[in-house]
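Student: The chain contents come next:
2 protein chains.
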Amino acid sequence: MDSNRREIEVMANLLSSNDRQAEVNRAHFRKHNCLAINVIGSPGAGKTSLLEKTLPLLLMEIHIGVIEGDIFTSKDADRIAVHEVPVIQINTGGGCHLDSKMVSKVLPEFNWQATDLMIIENVGNLVCPADFDLGEAFKVIVLSIVEGDDKPAKYPVIFRNAKAVVLNKMDLETFTDVNMENMKQDILAINPDIQIFEVSCRNGKGLQAWVSWLTEEVKSYRESKV
Amino acid sequence: MDSNRREIEVMANLLSSNDRQAEVNRAHFRKHNCLAINVIGSPGAGKTSLLEKTLPLLLMEIHIGVIEGDIFTSKDADRIAVHEVPVIQINTGGGCHLDSKMVSKVLPEFNWQATDLMIIENVGNLVCPADFDLGEAFKVIVLSIVEGDDKPAKYPVIFRNAKAVVLNKMDLETFTDVNMENMKQDILAINPDIQIFEVSCRNGKGLQAWVSWLTEEVKSYRESKV
Numbered sequence: 013m014d015s016n017r018r019e020i021e022v023m024a025n026l027l028s029s030n031d032r033q034a035e036v037n038r039a040h041f042r043k044h045n046c047l048a049i050n051v052i053g054s055p056g057a058g059k060t061s062l063l064e065k066t067l068p069l070l071l072m073e074i075h076i077g078v079i080e081g082d083i084f085t086s087k088d089a090d091r092i093a094v095h096e097v098p099v100i101q102i103n104t105g106g107g108c109h110l111d112s113k114m115v116s117k118v119l120p121e122f123n124w125q126a127t128d129l130m131i132i133e134n135v136g137n138l139v140c141p142a143d144f145d146l147g148e149a150f151k152v153i154v155l156s157i158v159e160g161d162d163k164p165a166k167y168p169v170i171f172r173n174a175k176a177v178v179l180n181k182m183d184l185e186t187f188t189d190v191n192m193e194n195m196k197q198d199i200l201a202i203n204p205d206i207q208i209f210e211v212s213c214r215n216g217k218g219l220q221a222w223v224s225w226l227t228e229e230v231k232s233y234r235e236s237k238v
Numbered sequence: 013m014d015s016n017r018r019e020i021e022v023m024a025n026l027l028s029s030n031d032r033q034a035e036v037n038r039a040h041f042r043k044h045n046c047l048a049i050n051v052i053g054s055p056g057a058g059k060t061s062l063l064e065k066t067l068p069l070l071l072m073e074i075h076i077g078v079i080e081g082d083i084f085t086s087k088d089a090d091r092i093a094v095h096e097v098p099v100i101q102i103n104t105g106g107g108c109h110l111d112s113k114m115v116s117k118v119l120p121e122f123n124w125q126a127t128d129l130m131i132i133e134n135v136g137n138l139v140c141p142a143d144f145d146l147g148e149a150f151k152v153i154v155l156s157i158v159e160g161d162d163k164p165a166k167y168p169v170i171f172r173n174a175k176a177v178v179l180n181k182m183d184l185e186t187f188t189d190v191n192m193e194n195m196k197q198d199i200l201a202i203n204p205d206i207q208i209f210e211v212s213c214r215n216g217k218g219l220q221a222w223v224s225w226l227t228e229e230v231k232s233y234r235e236s237k238v
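First to last, the sequence lines map onto chains A and B.
Taking my numbering, I'd label the letters of the first sequence as residues 13 to 238.
Taking my numbering, I'd label the letters of the second sequence as residues 13 to 238.
Please note: incorrect hints may appear among the correct ones.
Since copy identity is lost for identical chains, a pair holds within one copy or between any two.
Said to hold, decoys possible - Subject to a maximum C-alpha distance of 27 Å in a straight line, what follows is the list of computed DSS-like cross-link-like pairs (lysine-lysine): (1) K166 - K117; (2) K166 - K87; (3) K196 - K87.
Calculated from the structure, these hints are not laboratory results.
Keep in mind that this is a model prediction, so the values were computed, not measured.
Construct all of the structure, not just a fragment, from the sequences and the given hints.
Tutor: As structure tokens, then:
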């Protein structure tokens with residue numbers, strides 16, 4: 013048997029099975045008027061740091077739940093739990109991305125009468141998570157500017173499929189060779205409709221614009237018709 | 013049919029087929045007395061930058077070939093080609109890692125009478141490449157310290173399987189909250205035999221120790237018995 017052909021066939025089945033479960037998850041979020049977002053980025057881009065900074069600013073008016081995807085540890089979930097937000101850890105046990113079935117299994121753990129926003133932090137990986145719909149309303153990329161301005165062109169799939177990108181670690185801009193204009197032009201060339209936020213989770217600059225935008229997204233999701 | 017069971021079965025077949033081809037590649041490198049290394053790291057860790065800085069220091073005494081793994085672009089290969097080193101680009105077309113078959117296909121492109129060291133730069137990804145043996149003598153990790161000191165514990169598989177780790181972007185240490193002692197302790201807890209190099213590709217600090225070590229590895233490979 014041709015192993016390549018079998019691999020392609022199984023991958024297609026996997027994705028279509030993932031998509032079916034993703035639609036079930038999406039209907040669940042819609043039913044409970046909960047905006048679900050899928051946060052994707054490389055290891056160390058600052059996904060968890062962004063959540064740590066975002067939660068206190070959002071919590072006054074929005075009820076939040078968090079799903080933390082990780083390969084082995086619960087380090088990220090521990091960092092989120094101190095903010096007294098309901099958080100569930102998913103360990104993929106080596107797997108390089110979350111899938112919709114993993115997410116569906118933990119949904120019963122949350123109180124859906126009191127969740128306006130579900131933040132799903134994916135495994136640290138800029139490649140594989142792009143292919144797996146979890147049932148989210150949209151994807152958000154976190155990209156550390158220290159990774160370099162060539163990254164959008166090198167990893168276009170995820171930029172094409174995201175609604176917003178948070179360019180993090182702006183406090184390090186002057187100490188690196190990154191060309192922010194090139195980076196932003198490349199992002200917009202791939203996806204002209206994407207929202208771009210320049211943020212430093214370390215010194216807090218730029219966070220308010222991101223938080224205001226996300227708050228509006230939660231509200232407009234609640235007001236939108238099914 | 014149970015799709016999970018099929019997935020596991022196909023993954024096992026894939027890995028074992030990959031391992032068989034990896035052994036063929038390994039025999040090829042051995043026959044030609046060429047040390048092959050598999051360089052792995054997150055997007056933006058500085059894999060290509062490390063090569064750019066390493067090549068001029070090595071080229072005086074070592075003949076080098078480079079295989080550049082990338083998802084879509086030839087940006088990295090273009091950066092390497094200016095050093096007048098034979099370089100072949102492999103585009104995975106969306107794939108998140110190189111495999112041994114992709115590598116085997118480009119091997120005929122090199123002059124094996126004049127290649128002492130084959131550097132294979134993998135796709136930017138700290139997860140998936142860890143599972144796929146390419147036939148290399150050993151793996152080298154490039155980790156940007158800006159990614160944070162929790163990364164070794166969160167991505168242990170690759171640290172367990174590597175012979176050396178280059179901790180890059182040391183010039184940014186004072187501008188971040190990274191705890192280098194914690195990071196190094198975590199790395200050594202996972203793999204007590206790993207070589208650790210602290211390097212700044214930007215200002216050149218620490219490069220000489222890495223280059224000297226790699227030069228010795230090339231020599232001892234050539235002198236080692238089959």
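Student: Take the hints in turn and mark each one as holding or not.
Tutor: Results for each hint:
1. For a Cα distance limit of 27 Å, the shortest separation of K166 from K117 across copies, 23 Å, qualifies, whereas the shortest one inside one copy, 33 Å, does not.
2. When the C-alpha separation of K166 and K87 is checked against a cutoff of 27 Å, the pair qualifies only between copies, where the shortest distance is 8 Å, while the shortest distance within a copy is 29 Å.
3. Taking the shortest Cα distances, K196 and K87 sit within 27 Å of each other only across copies (18 Å), while inside one copy they are farther apart (31 Å).
The structure meets every hint from the earlier list without exception.
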